[in-house]
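Please work from the sequences and hints to get the whole structure.
Line by line, the protein sequences give chains A and B.
So my numbering is basically just the index in the first sequence, starting at one, shifted up by 26.
So my numbering is basically just the index in the second sequence, starting at one, shifted up by 215.
Hint data in this document are derived by calculation from the structure and do not stem from the laboratory.
Here a beta-carbon is modelled for each residue, glycine too, at the ideal position from N, C-alpha and C.
Some clues are possibly wrong.
Covered by chain A, according to a simulated footprint, are these stretches of chain B (three or more residues, beta-carbon under 8 angstroms) [said to hold, decoys possible]: (1) 228-238; (2) 265-271; (3) 329-337.
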Amino acid sequence: MGYFSSLDISSSALTAQRLRMDTISQNIANVNTTRTENGQPYRRKTVLFEEKSSTGSFSEYLESSMRGKNAGAGVRVTGIVEDTSPFKRVYDPGHPDADEEGYVLMPNVDVITEMVNMISATRAYEANITSINTTKGMAMKALEIGR
Amino acid sequence: MLGRILTGTNVLEKSLDAALLRNETISQNIANADTPGYKRKTVAFEEYLNDATASIKGIRTRQEHIPVGARNVMDIDIKVSEDKSSLSMRLDENNVDIENEMAQMAKNTIKYYLLTQKISSDFSKIKSAIKEGR
Numbered sequence: 027m028g029y030f031s032s033l034d035i036s037s038s039a040l041t042a043q044r045l046r047m048d049t050i051s052q053n054i055a056n057v058n059t060t061r062t063e064n065g066q067p068y069r070r071k072t073v074l075f076e077e078k079s080s081t082g083s084f085s086e087y088l089e090s091s092m093r094g095k096n097a098g099a100g101v102r103v104t105g106i107v108e109d110t111s112p113f114k115r116v117y118d119p120g121h122p123d124a125d126e127e128g129y130v131l132m133p134n135v136d137v138i139t140e141m142v143n144m145i146s147a148t149r150a151y152e153a154n155i156t157s158i159n160t161t162k163g164m165a166m167k168a169l170e171i172g173r
Numbered sequence: 216m217l218g219r220i221l222t223g224t225n226v227l228e229k230s231l232d233a234a235l236l237r238n239e240t241i242s243q244n245i246a247n248a249d250t251p252g253y254k255r256k257t258v259a260f261e262e263y264l265n266d267a268t269a270s271i272k273g274i275r276t277r278q279e280h281i282p283v284g285a286r287n288v289m290d291i292d293i294k295v296s297e298d299k300s301s302l303s304m305r306l307d308e309n310n311v312d313i314e315n316e317m318a319q320m321a322k323n324t325i326k327y328y329l330l331t332q333k334i335s336s337d338f339s340k341i342k343s344a345i346k347e348g349r
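Quick look at the structure:
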């Protein structure tokens, strides 16, 4: 408990949302990539979030067992996974990656979905910034006690 | 003597602790607004405070008796609990409502400011008494 754990929680969320934003940027950048290192078209990537309940230090276990449950320690990204949905088939016989029938496998990235996710990530980032500013305001107010 | 003067601030102190923990909990809820399966956390304090300041008090003749009614405010332990009851309107089984959390956070901050002001004014009153009003 304390101001710093509140700030740690919010900053962990900022990190997570920024990573999500990076992944979205990567998806949009590769919307037309038909060839990657493994010879396949680009697969859309998504991040997995998980609640971080404790950092695992002794003092935290002691505190949580003495006080019952604590608020937690923020959010963490458990991994970046690839979207396994099928690739889009586009008819483009002039493309160097076209098959015998003239179809090209395009990445399974939908730009509109990415844009919506980007707005969601931005809003979540802003909400956490607000939370940090509120905590800061409370800490400054507490310093004024006894003035 | 000073101890008796300062007993009034005990409730305020405990309330400040609760408000701080609540701020932490709301931060956690906002941080996990996009985590699948996360359930929002709440802090129960006002209910315990109400019980602790009740007008009746059970007399304990033995140490093993469960305390009933009024008790020392400092003995209240502020608990964080998971809110599993509220309806999950989302497909990812997360029940955090970000607008609600922001509103709760604003409310909690105002309460915190109020408490700090009250505690400050209490101290300045004591100071005034010590200085004999000069």
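Each hint tested on the structure:
For the stretch 228-238 of chain B, the proposed coverage by chain A is satisfied: 6 residues have a C-beta within less than 8 angstroms of a C-beta in that chain, meeting the threshold of three. Counting residues of the stretch 265-271 of chain B whose beta-carbon sits less than 8 angstroms from any beta-carbon of chain A gives 0, not enough to reach three: the coverage restraint is violated. Counting residues of the stretch 329-337 of chain B whose beta carbon lies closer than 8 angstroms to any beta carbon of chain A gives 3, which meets the minimum of three for the stated coverage.
This entry does not satisfy hint 2, going by the numbered hints stated previously; all others are met.
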